[in-house]
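J.: Could you put the whole structure together from the sequences, leaning on the hints where they help?
In the working numbering, each residue's number is its place in the sequence shown (first place is 1) plus 36.
Please note that the accuracy of each hint is not assured.
What the hints assert, rightly or not - Taking lysine to any residue pairs in the SDA-like style, the calculated list, with each CA pair at most 25 Å apart, reads: (1) LYS40 to GLN92; (2) LYS40 to ILE76; (3) LYS40 to GLY65.
To be verified - Pair ranges (Cβ atoms, derived): (4) LEU110 to PRO77: 29 to 37 Å; (5) ALA54 to GLU101: 19 to 27 Å; (6) GLN95 to MET69: 20 to 28 Å; (7) GLY38 to SER71: 19 to 27 Å; (8) ALA104 to ALA73: 40 to 48 Å; (9) ASN52 to ASP100: 18 to 26 Å; (10) GLY65 to GLU96: 25 to 33 Å; (11) ASN79 to GLY38: 29 to 37 Å; (12) ALA98 to SER44: 15 to 23 Å; (13) PHE66 to ASP100: 21 to 29 Å; (14) SER68 to GLN107: 40 to 48 Å; (15) GLY38 to TYR72: 20 to 28 Å; (16) PRO43 to TRP82: 30 to 38 Å; (17) TYR99 to ARG51: 14 to 22 Å.
Worth flagging that the hints you see were computed from the coordinates, not collected in a lab.
Built from N, CA and C at the ideal position, the CB exists for glycine as well.
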Amino acid sequence: SGLKQPPSLHQDRLRNAAIGYYYDVITNGFGSMFSYASRIPVNDRWAVAAYIRALQFSQEAAYDELPAEDQRQLQ
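T.: Next up, the structure:
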C-alpha cells in the first residue's frame, strides 16, 4: 500500500506526550493522516485522546497496584 506504519503509542516519546498532542493530531492530522476536525466533535476528540492515554497507562499497571476485584478477574 506504500503507507508508512504508524509508531507504537507505547514508545516513550508518545507515552510522555501531553494529552493535547493527541487532540491536535486528531484535529489537524499528521503525516498521511488527514484531519478529523470536521468528522469528530470537539468533546469526542478529547475523549479519544483520553482513551489513548488510558490504554497507555493500562500497559504500565503493576498487578499488585490493581484493585482486588481486578486482580481476581485476571486470575
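J.: Now tell me, hint by hint, if it's right for this structure.
T.: Outcome of the hint check:
Using a Cα cut-off of 25 Å, the hinted pair LYS40 and GLN92 holds, with the two alpha carbons roughly 22 Å apart. Note on LYS40 and ILE76: the hinted pairing holds, with a Cα-Cα distance of about 24 Å set against a maximum of 25 Å. Taken as a hint, the LYS40 and GLY65 pair is honoured in the structure, with Cα atoms around 15 Å apart against an allowance of 25 Å. Range check, LEU110 to PRO77: Cβ separation about 35 Å, and the 29 to 37 Å hint holds.
Taking the beta carbon of each, ALA54 and GLU101 are about 24 Å apart, inside 19 to 27 Å as hinted. Under the hint 20 to 28 Å, the C-beta atoms of GLN95 and MET69, about 22 Å apart, fit the expected range. Between GLY38 and SER71 the beta carbons are some 21 Å apart, a value that agrees with the proposed interval 19 to 27 Å. A hinted range of 40 to 48 Å for the beta carbons of ALA104 and ALA73 is consistent with their spacing of about 42 Å.
Roughly 24 Å separates the CB atoms of ASN52 and ASP100, a value that falls within the hinted 18 to 26 Å. One distance hint, 25 to 33 Å for the beta-carbon pair GLY65 and GLU96, holds here, with the actual separation near 28 Å. Take ASN79 and GLY38: their Cβ atoms lie about 34 Å apart, and the range 29 to 37 Å holds. ALA98 and SER44 have their C-beta atoms about 20 Å apart, which keeps the hinted 15 to 23 Å range intact.
The beta-carbon spacing between PHE66 and ASP100, approximately 37 Å, falls outside the hinted interval of 21 to 29 Å. Taken as a hint, the range 40 to 48 Å holds for the pair SER68 and GLN107, whose Cβ atoms sit roughly 41 Å apart. Between GLY38 and TYR72 the beta carbon distance is about 22 Å. The supplied range of 20 to 28 Å therefore holds. Separated by about 22 Å at the C-beta atoms, PRO43 and TRP82 break the suggested range of 30 to 38 Å.
The hinted range of 14 to 22 Å is satisfied by TYR99 and ARG51, whose Cβ atoms lie roughly 19 Å apart.
Comparing the model with each earlier hint shows violations of hints 13 and 16; every other hint is respected.
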